[in-house]
Each structure stands twice: as structure tokens, then as C-alpha cells.
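Novice: Chain by chain, the residues:
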Amino acid sequence: MIKCVIWDIDNTLLAGVYLESGPQLPPPDPAILDVARELGGRGIIHALASRNPPEAAGYVSRVTGITFAAAECGWGPKSEAVQRIIGELGLAPDAVAFVDDDLLERAEVSFALPEVLVLSPEDACEAAGWPQFSPAVITAEAGRRGEMYAERRRRQEEARAFGGSRDDFLRYCQTRVVIEAAGAADVPRLHELSVRTHQFNSAGAQISRQALAALIGSAEHLVMTVRLADRFGDDGMVGGCVIEAGQSGWSIALLMMSCRAMGRGVIDALLAWICQAAGRAGAQAVRVPCLVTPRGVPLRIALASAGFRAGAGTVTGPADAAEADAAEAEAADGREVKAGRRTAVFGRQLAGPLPALPGWATAPEYP
Amino acid sequence: VTSDARPSVADELRQILADVTGNPEVLGISPETALFGAGVGLGSLSGTLLLRRVRLRFGVDVAGEDLNLDSLATLQTLAAFIDQRAPGQRCQADMSPG
Numbered sequence: 007m008i009k010c011v012i013w014d015i016d017n018t019l020l021a022g023v024y025l026e027s028g029p030q031l032p033p034p035d036p037a038i039l040d041v042a043r044e045l046g047g048r049g050i051i052h053a054l055a056s057r058n059p060p061e062a063a064g065y066v067s068r069v070t071g072i073t074f075a076a077a078e079c080g081w082g083p084k085s086e087a088v089q090r091i092i093g094e095l096g097l098a099p100d101a102v103a104f105v106d107d108d109l110l111e112r113a114e115v116s117f118a119l120p121e122v123l124v125l126s127p128e129d130a131c132e133a134a135g136w137p138q139f140s141p142a143v144i145t146a147e148a149g150r151r152g153e154m155y156a157e158r159r160r161r162q163e164e165a166r167a168f169g170g171s172r173d174d175f176l177r178y179c180q181t182r183v184v185i186e187a188a189g190a191a192d193v194p195r196l197h198e199l200s201v202r203t204h205q206f207n208s209a210g211a212q213i214s215r216q217a218l219a220a221l222i223g224s225a226e227h228l229v230m231t232v233r234l235a236d237r238f239g240d241d242g243m244v245g246g247c248v249i250e251a252g253q254s255g256w257s258i259a260l261l262m263m264s265c266r267a268m269g270r271g272v273i274d275a276l277l278a279w280i281c282q283a284a285g286r287a288g289a290q291a292v293r294v295p296c297l298v299t300p301r302g303v304p305l306r307i308a309l310a311s312a313g314f315r316a317g318a319g320t321v322t323g324p325a326d327a328a329e330a331d332a333a334e335a336e337a338a339d340g341r342e343v344k345a346g347r348r349t350a351v352f353g354r355q356l357a358g359p360l361p362a363l364p365g366w367a368t369a370p371e372y373p
Numbered sequence: 003v004t005s006d007a008r009p010s011v012a013d014e015l016r017q018i019l020a021d022v023t024g025n026p027e028v029l030g031i032s033p034e035t036a037l038f039g040a041g042v043g044l045g046s047l048s049g050t051l052l053l054r055r056v057r058l059r060f061g062v063d064v065a066g067e068d069l070n071l072d073s074l075a076t077l078q079t080l081a082a083f084i085d086q087r088a089p090g091q092r093c094q095a096d097m098s099p100g
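First to last, the sequence lines map onto chains C and Y. With the numbering used here applied, the first sequence corresponds to residues 7 to 373, in that order. With the numbering used here applied, the second sequence corresponds to residues 3 to 100, in that order.
Honestly, the hints are just simulated from the structure, not real lab data. Since we're looking at a predicted model, the values are computed, not measured.
For each label pair, taking beta carbons as the anchor points, the in silico distance ranges come out as:
#1 Y:Glu-27 - C:Glu-132: 35 to 45 Å
#2 Y:Pro-26 - C:Glu-121: 19 to 29 Å
#3 Y:Ala-40 - C:Glu-371: 20 to 30 Å
#4 C:Glu-186 - Y:Glu-27: 32 to 42 Å
#5 C:His-227 - Y:Pro-26: 38 to 48 Å
#6 Y:Asn-70 - C:Arg-43: 40 to 50 Å
#7 C:Glu-226 - Y:Leu-29: 47 to 57 Å
#8 C:Gly-169 - Y:Asp-13: 13 to 23 Å
From the three backbone atoms N, C-alpha and C, an ideal C-beta is built for every residue, glycine too.
Make the full structure from the sequences, and use the hints.
Specialist: Listed below in C-alpha cells is the structure:
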């Protein structure tokens, strides 16, 4: 059972960034505030861990009306802030949940403290229905999400103790990645993935159900799904892609993966399959047009690892205010962010050795 | 060559790589070891954590300066990329506490 929720401030408890909001400080996020109050009503205590000056804690307490049992505001790693709160409040790490909008903060805390339940704000909004927060109230769907987090925690605990290579660990977990051609029944989940993926969404685009259905029926396109499971549990469909399969080359119009599947070999398996299938189909090259943002770094790493390089098609487009804002919010450590929608086409030739499909991935020879 | 026992960039990178991959065997890799594939087995998650640690430690934004991430080819190429860009930041970082 969770006894304490440790909240991030910027874009989590507050609907905005404390230090970047000018004279009008941001209000609380209404959905998160509802959840926090609900959990407080069940006797769960609250704490703060934030990259902000100490006065931010007082402000958040005033505007939310929430009493925080502990507050860590500073610039060190979040895992250390969480660790100090756990020590200060005398909690067991597995009685603590940590909520942060930043994927990397979540990854850092998950890695350093695998017992802590680490959640995005979206998941925290559903968490009131999870058994970890309330043994009495469980809907089937929410219960399943709660289970996935419990499975992830067991996987992380074993990963920490494992001490071998990632490939060895994925084999040890009996990881199974299944790549298949999409059918009509896959449209709702593919659409949901396109809406919910940010870090792993090559084009930074959403795709409608109608467009997906048309692409699945199109002779010039391949729409693929990727499912993931291991001995800890079944994650279901975690990724997909839309391929324009031209005679001379394949262009990946959209490549997307749930950030829940990060670190589990899924994107590498999908890129390896794409290269091999394109080669078998007689294509000379594969290209992946990408929106270049600070959020897209994990995908760029996967592309570099699979031998993709940016080519002549790389351009800096006209400014897109919404995108620049998103990038700026992401680059919370003050890194320079260029205004504008910057795109790059990452490509590779298919001559010579191609990335290998791992033994634990199954995929069609050619759809 | 420095007069004190300050660890080299490559040594610090070995420690960071061992941390982000969770694999202590990485502490013993040679400078020519590939970071992707069979070498270190860097993935998108561990790679992103690596680049963040590099930015915090050396003040070098590898992802911002190297679109293709060619600097991630080997331990040596990454250490050289950092060395070329951050001698000043490195001294500063060493002076500051914690």
C-alpha cells in the first residue's frame, strides 16, 4: 500500500512552470489537485520534490491547500531528493509513489529506487482506482494498469540485481517482441498510441482512425504493430509504424512507441525488422523523417544505433510556437532551444550488414 | 597530463556507463569499445541517461551539437568530443562542491 505520494511541481501539481511564468504564477492543475485531495482523504500523505527554489513549496501549499509532510526543493538528482524524504518520514520505499511529468526524472528515480512506484501525471490521475492506493475500489481496467506497474517494479528490482548486459537481461526475462501487419481491430490502439506518444513519435504527429483504416487498406503502405511481453507480464501493443513502401526505398511516415516499453529492446527490434524487410523487398534505402526536439533524443539514439544518419533533406522550418513551447518546457535545465520546427531525414542504405533482429523477436518474413 | 590524481574523462565515462547500463563489466572497457551493439549495449533509455549525465557533469550538450550522434561510436570518440568542448567547464565543475 502507498502511504506517501511525492509530487513534482512544474507541469505536475502546477499547470505550468513556476520559474518561467512571469508575474502571474501558474495555478494548480485541476485534475491532479482532485486526485491529491482524494488520496489525502484516504489518509495518504503528500511530499514535494522539485527543481525549484524553496519558496516554490510555500506557494504550492498555499494555492493547493495541501499540507506537505516534507519538501525537497533544489537542483540535485530527484532520486536523492526522494531518498531524503523517505528517510525523513521513516517510510519503506515500496510505500512511496513519485509523480513527475518528465520522462527522464521518472527514469532516474526508477533506476535508483526500483521499489518506488513511479508515475506520470496521466497515470496518477487514474491511480486512485488502483489497488496500491485503495484495496477496496478497483475497476478491471485500472486494476490491470496497476498490475503493470507492479510487474515493472519486479522487473526493475531484478534488473538492478542482474549486473549483466541488457541483451542478457532481456533474454533472462523471456522478452517477446511480436511485429505483425495491422488489421482493422488494431486501429483504436494505434490511434491512441499516436496521441499518447511524445518521446517516441518520429513525425511528432497524431493520426486519425479514418486515416489509419485507409492506410491499412492501401497497397502502397504497410502498417505494422508491435506487441511486448515477458515473464513478468503482458504489455500488449506498445508500438507501431506506417511505412510508404516505394520501389526504390521505404519511407517511415510514422514510427511510434510507448515510453513504458523504453529500455526493453522494442524500438531496436522494430528498426532491425524494417531494414531487413525493406532489403528483402528490393528497396535500396530506408528513410525516417523526424521532428528534431529535445524530447526526441531517445529515438535519435535508437536510429544512430541502427546505422541511420541525417541526410541532405534536413531543414529548419518556420517557427511553430506550440512546438517551441513544448521543447522549452522539456529543456528545463536552461539549455538553448532554437525556436522553429526543425526536421531531419535520417536514412541508411541497405547494402552491407544490417542490424540483426534479436532472437526473442518474431516478425513476418515479409508481410 | 595533470599533476593531481583527477580521473580522465574516459574513466569518468566508464563509471557513468556502468551506472546507466547497470552493468559493472563496463568499468573495464577499452577506449575502442563500441557503445552500441555488442560492446556496451547502449540503448535509447541508457543512452538518454548517459547524455544527461554528460551534460550535468561536463556542460556539453552532445545531442544538441551532434545531430547524428557519431560521437557515441566508441568510448574514445565520446571522450574526445567532450574534451574538445569542455576544458573550461570541466575545471569549474571540479572546483564546485558536491
